[in-house]
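*Asks:* Line order of the protein sequences matches chains A and B.
Counting from 1 along the first sequence, just add 56 to a position and that's the residue number in the working numbering.
Counting from 1 along the second sequence, just add 9 to a position and that's the residue number in the working numbering.
Note that these hints are calculated values from the structure, not bench results.
A hint or two may mislead.
[Unchecked claim] Rough simulated footprint, nothing fancy, chain A against chain B, three-plus residues with beta-carbon under 8 Å:
1. 43–53
2. 117–124
[Said to hold, decoys possible] In the BS3-like style, the derived pairs of lysine-lysine whose C-alpha atoms are separated by at most 30 Å in a straight line are:
3. A/K134 x A/K100
4. A/K97 x B/K82
5. B/K12 x A/K97
6. A/K110 x A/K100
7. B/K12 x A/K110
8. A/K100 x B/K82
9. A/K97 x B/K79
10. B/K12 x A/K134
All figures in this text were calculated on a predicted structure; none of them were measured in a lab.
Quick reminder that beta carbons are idealized off the backbone N, C-alpha and C, glycines included.
Letter by letter, the chains look like this.
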Amino acid sequence: EAGVTQFPSHSVIEKGQTVTLRCDPISGHDNLYWYRRVMGKEIKFLLHFVKESKQDESGMPNNRFLAERTGGTYSTLKVQPAELEDSGVYFCASSQESAGVQPYGYTFGSGTRLTVV
Amino acid sequence: AQKITQTQPGMFVQEKEAVTLDCTYDTSDQSYGLFWYKQPSSGEMIFLIYQGSYDEQNATEGRYSLNFQKARKSANLVISASQLGDSAMYFCAMREGKSNFGNEKLTFGTGTRLTIIP
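Extracted from the complex, chain B is given alone in its bound form (with noise of 0.2 Å):
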């Protein structure tokens, strides 16, 4: 069975810091792709990355990366420069890989909560 642990349930940075947020995973599956969500106070969930598990490049999008060690099974998220609007939940999320066009559903961590502190 699919799992996802984040053992950091909250963290507080100092604004302009780097952070990352861990995330392992566990998987019997060769073909995966791994998500991270942000929750604002809102309760939206906002889609910040996508890693699949043959993709030989770490993904970036903007201040975000996802440090992927696929050995190691572990997607930490790593926010660069943080700012206050980066205060919000954190969900890391896999998908069992079947197919690319996302229609499976997706396994969640419990989540972090991160705080920037100015």
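Chain A extracted, bound-state conformation (with noise of 0.2 Å):
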């Protein structure tokens, strides 16, 4: 099967402007996160989709950031306006909800590199 698939794999921005990043996650997988790792910290959770649903988005920063899953398949994460903090690698993972999966049911992305310059 495909994996989940990011891109772009790296975008360079100025600060202001807007950044769009989509996570195509692995089909049937109703579970859908994002997080991000800023330079030489830990991988924050930012939301967590449920087919169209958000789940939990306790971890958006602020309302710069805009997610959605419309009809529960690929995602979107759009950062508007853009600013230096905002750069770091910006991953998505998914799995799927059913009885019996394995635990370790998460696939992650490459993750997509955002640079705010």
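Assemble the dimeric complex from its two separately framed chains, guided by the hints.
*Replies:* Here it is in structure tokens:
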């Protein structure tokens, strides 16, 4: 099966611009997560979708970040306007919620490296 | 609140030697899961090993084993017979334990950069 796909792999934008990151989860995975790693720090949870609904968005830094998952398939994470501190690597992960699935069912994408200059 | 601590920002190990990467955790949950991920320079996060809080045996996956000491709240990763391809960032993570179905967020540590020396 295809893995979790993220694009772009890299993005360099100027402060104040808008950037949209995309994540295509594994087909059939209801759960989709966004995480972010700022240089030298831990990977932090941003939010969790179950299908098209936001299950938990407690990690979203502020209202400049908007995540959507229309139709419960792919997800986008928009940063508008971008600030310098938004630089980091944004990871997406997906998992399937069903009985019998092994507990280590999270599959991560390769991440999008965002640089705001 | 959950917390994962990885105290080794970087490690250098001679090829073929065993290496232990430290991870301690803090949680008030009785049921939880612990993960180790590898992130090579290519960027993807590769799952290595999982340990459930109620598992009595230490998890093993090939050259990887997890030294789980519940009373000390530690979950160290042991890599036996290290190889050059093991050079990467390694992250310890914990899942809050409501179910085993992979639908809870993970809390990560800051990672350890492992470099294997030929």
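*Asks:* So, for every hint listed, does it hold in this structure?
*Replies:* Taking the hints in turn, this is what the structure says about them:
no. : hint            : verdict
1   : 43–53           : holds (count 5)
2   : 117–124         : holds (count 4)
3   : A/K134 x A/K100 : holds, 17 Å
4   : A/K97 x B/K82   : holds, 21 Å
5   : B/K12 x A/K97   : holds, 13 Å
6   : A/K110 x A/K100 : holds, 17 Å
7   : B/K12 x A/K110  : holds, 24 Å
8   : A/K100 x B/K82  : holds, 21 Å
9   : A/K97 x B/K79   : holds, 25 Å
10  : B/K12 x A/K134  : holds, 28 Å
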